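Colleague: Each chain, written out:
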Amino acid sequence: MTQAPEVVEKPEGEGPPSWLERVAPRDIDWRSLVIIPSLAVLSALIVGAVFIVFTEGLDAILPAYRALFSGAFLGWSSISETLLVATPLILAGLAVALGFRAGLFNIGAEGQMTVGGLIAVIAGFSFDGLPAIVHIPLALLAGFLGGALWGFIPGLLRAKTGAHEVITTIMLNFIAFRSLDYILKLPGIQAEGRFDPISQPVLPSSRLPRILAWLPIDGAGGLRLHVGFLVALAMAWVVYWLLFKTTWGFEFRAVGANPHAAKYGGMSVTVAIILVMTLSGALAGMAGGNETLGVLGRASPGFTAAIGFDAIALALLGRSHPGGVVLSAVLFGALRAGGRTMQVQSEVGIDLIVIIQALIIVFIAAPELVRAIYRVRGGKETGQLTRGWST
Amino acid sequence: MRLELKNVTKRFPGVVANDSVDLTVNSGEIVGLLGENGAGKTTLMNILYGLYEADEGELLIDGRQVRFAGPGDAIAAGIGMVHQHFMLVPVFDVTENVVLGVEPTRGPLGHIDIDQARDDVREISSKYGLAVDPDAVVEDLPVGVQQRIEIIKVLFREAEIIVFDEPTSVLTPQEVEDFFAIVRGLKEAGKGIIFITHKLGEMLEIADRIAVLRRGKIVGEAEPGSATKENLAEMMVGRPVDLVVDKSPAQPKEVVLSVKNLVVQDERLHNAVNDVSFEVRSGEIVGIAGVQGNGQTELVEAITGLILPLAGSVMIGDQDITLASPRKLHQLDVAHVPEDRQRDGLVLSFDLVENLVLDSYYAKPYSKGIVMDWDEARRHADELIEQYDIRTPSALLTASSLSGGNQQKLIVAREFARDTRLIIASQPTRGIDVGSIEYIHQRIVEERDEGAAVLIVSSELDEVLALADRILVMYRGRIVAEVPGSEATATDLGLFMAGAGV
Chain A
1 MTQAPEVVEK PEGEGPPSWL ERVAPRDIDW RSLVIIPSLA VLSALIVGAV
51 FIVFTEGLDA ILPAYRALFS GAFLGWSSIS ETLLVATPLI LAGLAVALGF
101 RAGLFNIGAE GQMTVGGLIA VIAGFSFDGL PAIVHIPLAL LAGFLGGALW
151 GFIPGLLRAK TGAHEVITTI MLNFIAFRSL DYILKLPGIQ AEGRFDPISQ
201 PVLPSSRLPR ILAWLPIDGA GGLRLHVGFL VALAMAWVVY WLLFKTTWGF
251 EFRAVGANPH AAKYGGMSVT VAIILVMTLS GALAGMAGGN ETLGVLGRAS
301 PGFTAAIGFD AIALALLGRS HPGGVVLSAV LFGALRAGGR TMQVQSEVGI
351 DLIVIIQALI IVFIAAPELV RAIYRVRGGK ETGQLTRGWS T
Chain B
1 MRLELKNVTK RFPGVVANDS VDLTVNSGEI VGLLGENGAG KTTLMNILYG
51 LYEADEGELL IDGRQVRFAG PGDAIAAGIG MVHQHFMLVP VFDVTENVVL
101 GVEPTRGPLG HIDIDQARDD VREISSKYGL AVDPDAVVED LPVGVQQRIE
151 IIKVLFREAE IIVFDEPTSV LTPQEVEDFF AIVRGLKEAG KGIIFITHKL
201 GEMLEIADRI AVLRRGKIVG EAEPGSATKE NLAEMMVGRP VDLVVDKSPA
251 QPKEVVLSVK NLVVQDERLH NAVNDVSFEV RSGEIVGIAG VQGNGQTELV
301 EAITGLILPL AGSVMIGDQD ITLASPRKLH QLDVAHVPED RQRDGLVLSF
351 DLVENLVLDS YYAKPYSKGI VMDWDEARRH ADELIEQYDI RTPSALLTAS
401 SLSGGNQQKL IVAREFARDT RLIIASQPTR GIDVGSIEYI HQRIVEERDE
451 GAAVLIVSSE LDEVLALADR ILVMYRGRIV AEVPGSEATA TDLGLFMAGA
501 GV
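Residue numbers (my numbering), protein chains in the order written: chain A, 1 to 391; chain B, 1 to 502.
Simulated from the structure, these hints should not be mistaken for lab results. It cannot be assumed that every hint is accurate.
Partner residues aside, some chain A positions facing chain B, computed with beta carbon under 10 Å [stated by the list, open to error]:
#1 T247
#2 G249
#3 H260
#4 A262
#5 G266
Predicted model, so just to flag it, every value in this text is computed and none were measured. Every residue gets a Cβ at the ideal spot worked out from N, C-alpha and C, and that includes glycine.
Please put together the full structure from these sequences, using the hints given.
Modeller: Shown next as structure tokens:
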């Protein structure tokens, strides 16, 4: 027998913090996951076009965007590049998204990538004579552990002393960057015969193998997409499974949504915070290892290239859902890869991509704006005001 | 002034919150609005206050149609609201709080004329017998006085119609009397008053006319002279309600919970609980009465492992649980219905399935290793929803979509559904409807009869009187009286609660 639903009144009291509800919503309806981000991207491209008009003139828009699109999607080479750029973004985006789900704002993905990438490189050039099948997982694991350490520290500080992770992860970023500069000049790490800070190259046995070389096309050997992409997809599935199918994930989400209730339910908020930050750091560390072992082959100052910061943006764009993170990372990858082609084929510089990315985030962060512009119905039209009255 | 709501209908996705509601209030009368939680009272008042717009129907003031785009319009039209939760800035003084947002100014630069405001506040205070010092800092004032500041705020904005939303829930029985005197004074001064409460006795005492709202519709009006608690409750719920808890005399057996010389500090490091000792036996209900804020919250949190006591001991059977975690207590079959259900008892953004395994998810049958068995949890949830009559279209909706009474039933279902040796229930029926109260009280008595030791903490005297076999009164962190349930009277307990026994 079905019961008549009672009248649903506004929820009172302590829900999850409202920023969390926005960045890691529980009910991901198609409107907020697909429509709003799509419209945000569209809006960003339109405003980006205005910038093109001002810098290069009206005629430059079409060729620029055409080049952007073809560089991102047309042909195997473009697709390979798009996914290649997306790979570390997926891993770092998962790191940030995992934190968001537990109510933690991990700004430190960049630093965790740095540490993870460096440790992975050291593992990559240190063990001579190992078969690739052993060496690659070992080097990736080294990156995982390096990032884990760099996430564990702010997790511990937050859980035990209350030091906010936003502050501590930012500080640890700087420590990681400067330590990298220092370590890269240490004997045994620095490449022989070099005087600038740059590491030895990793051994071929630890390089992540390319996965499109088998394609029956010309230049298939030049397609740079490597096995790290598959690892990243696997990790996205693991994070999804962890968050939604395990007791750990249940605890993480409960701690993020309402730490009081989590404590009441017998969960250890302290353990959850430390664990989430450690795992978050580990994912970012894998992103770093993915770059050094897959693309760069060595470590140099600033090798993380702000991927860890882009990760924050794309975790927001993907609503902190592993699937959303993958899609957002591919979008960012497309913008980056297409941007290079745009730079070469048209007058418009790649800096436009940075502007477009920033605009996407602005539109995502202000979904009401997008709703208003495009008159998307739904969302929260009620409850917003009354919440202030009841708490 | 005459305010009329005519034919007001408000729909939310899936529900009709208000269904052609008519309500009229005139100057100089007190209209009681009675209804279960979720009946649509809040929605109706939000429409009246300009927070929501009605889908159909109209608002008339003195016969002229008005339209409120926001609370500002409602205030300008002479409608004032005293909310259940006060909206005061604790570090400001009374005058500053009153004028906040409508500060009187003078001079071309708009200096705040605080002296003028102070005089106004003083005048309003004396005119209505509110006895509030305009210079007192709000955080130093007792709750009853803070409520009077809210009333001054409304009067300062020249309200003619005043809405009180559950105004007595934070007051002691003595304060309620003072408050009623003030409300009657306002009425005599010609104000129209809408009084929202779920307490039937108060409604009969204060209202001139009572309108009963059920599932969004006005189902009846009643005159306090002829109405009784029983027929009001029946109108509200739609079926006869048992207002007296039906229970046989307790048959206490062995001691289950024993608290000895417990001292607990609150956040400000005061001894909120001071040298408290008591026992609860299997098969009895012990009630702790007391005005909110006399250490009950800290006492329960210390027993249930949410905070650590400073000194003393807590035992369950022969096990020392003074420093035990909530998880440990869960394993010892302790059920805990927390005081603040939305803060501690539920994750509002989680669905019912998740909330129903909030404290038992970690073991079989809901998980194996770290892998959750959500199918099993879902089966469990569907079972409990049926068994405990939790009104929801689906177990997969979030807890925030439930009404207060159903949220409470959700917690009670979760806690009572397993083996219970000790039940600790804090404010088990606060702010929920009569039907749910009846149900939860019955379940508590059933648990007692099955051999559980039950500790009830409630600031509602009626509840303690109805349920408890033994009553302890807490005042300023100490137990100041112990009375057998059968001999206790509201008057005596009220005096103890106010510290008369000390």
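Colleague: Hint numbers the structure violates, sorted upward?
Modeller: none
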